[in-house]
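Dock chain B against chain A, hints included.
From first to last, the protein sequence lines are chains A and B.
Each residue of the first sequence is one higher than the last, beginning at 13 in my numbering.
Each residue of the second sequence is one higher than the last, beginning at 937 in my numbering.
No lab work stands behind these hints, which were simulated from the structure alone.
Mixed in with the good hints, there may be bad ones.
[Unchecked claim] Result set (EDC-like, lysine to aspartate or glutamate): computed pairs, CA atoms no more than 20 Å apart in a straight line: (1) A:Lys108 - B:Glu1008; (2) A:Lys108 - B:Asp1031; (3) B:Lys1007 - B:Asp1031; (4) A:Lys108 - B:Glu998; (5) A:Lys108 - A:Asp93; (6) A:Lys108 - A:Glu17; (7) A:Lys108 - B:Glu951; (8) A:Lys66 - B:Glu1008.
[Said to hold, decoys possible] Under 7 Å between C-beta atoms, here's a sample of chain B residues computed to sit facing chain A: (9) Pro975; (10) Leu979; (11) Phe1042; (12) Gln1044; (13) Gly1045.
All C-beta atoms in this analysis are idealised placements derived from N, C-alpha and C, irrespective of residue type, glycine included.
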Amino acid sequence: KNEVEQSPQNLTAQEGEFITINCSYSVGISALHWLQQHPGGGIVSLFMLSSGKKKHGRLIATINIQEKHSSLHITASHPRDSAVYICAVLGGATNKLIFGTGTLLAVQP
Amino acid sequence: DGGITQSPKYLFRKEGQNVTLSCEQNLNHDAMYWYRQDPGQGLRLIYYSQIVNDFQKGDIAEGYSVSREKKESFPLTVTSAQKNPTAFYLCASRDRGRMTLAEAFFGQGTRLTVV
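Just chain A, same shape as in the assembly (with noise of 0.2 Å):
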């Protein structure tokens, strides 16, 4: 079993809806990173958490470090949110990055 499960894997939406990506893991952490990676394959970070909560612009990111949960959340959808989001956590016995296998967005206009 991962130590990173992103769900879901796949995701299609229309534009304007309200997208939820969900991340659990079951080490140990220190932070969790969420990363969006385009279709040439360029990489992003989009947040960074510890605790609580943080939002920037259409995108919200939250972490309930007691239940081991992260949800990374994108209102009003658009096209151009179409990418990998990837899960990645800073911990484990030997406190290295650890990363989900990322899910992939289409949104449709």
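Only chain B this time, still in chain A's reference frame:
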């Protein structure tokens, strides 16, 4: 502005040739990491370095080599021994100092294609 620079973004090499991917950071971070991503899979750790002149193998180190002669630089060499080198490579760094948030920074990645 501080950050991580990976170059080039796209790289093509002939089979059997060694190739070196560059990763430079000006964040004064102690720790640096190299990951590999294959289609449909998560990022997997190749090598990491916690301090200058020291590095450790990750989960898939075979066929790769690294050096950490300077704090700001952590180049990755994909050798001819790597059986399937075509992949997306990501470099990351973080501060192992007194910060509790352990913020990590990520490069944009290099897509290597071996023909």
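Tested hints:
no.	hint	in the structure
1	A:Lys108 - B:Glu1008	holds, 19 Å
2	A:Lys108 - B:Asp1031	holds, 12 Å
3	B:Lys1007 - B:Asp1031	holds, 11 Å
4	A:Lys108 - B:Glu998	holds, 19 Å
5	A:Lys108 - A:Asp93	violated, 28 Å
6	A:Lys108 - A:Glu17	holds, 16 Å
7	A:Lys108 - B:Glu951	violated, 31 Å
8	A:Lys66 - B:Glu1008	violated, 30 Å
9	Pro975	violated, 11 Å
10	Leu979	holds, 4 Å
11	Phe1042	holds, 5 Å
12	Gln1044	holds, 4 Å
13	Gly1045	holds, 5 Å
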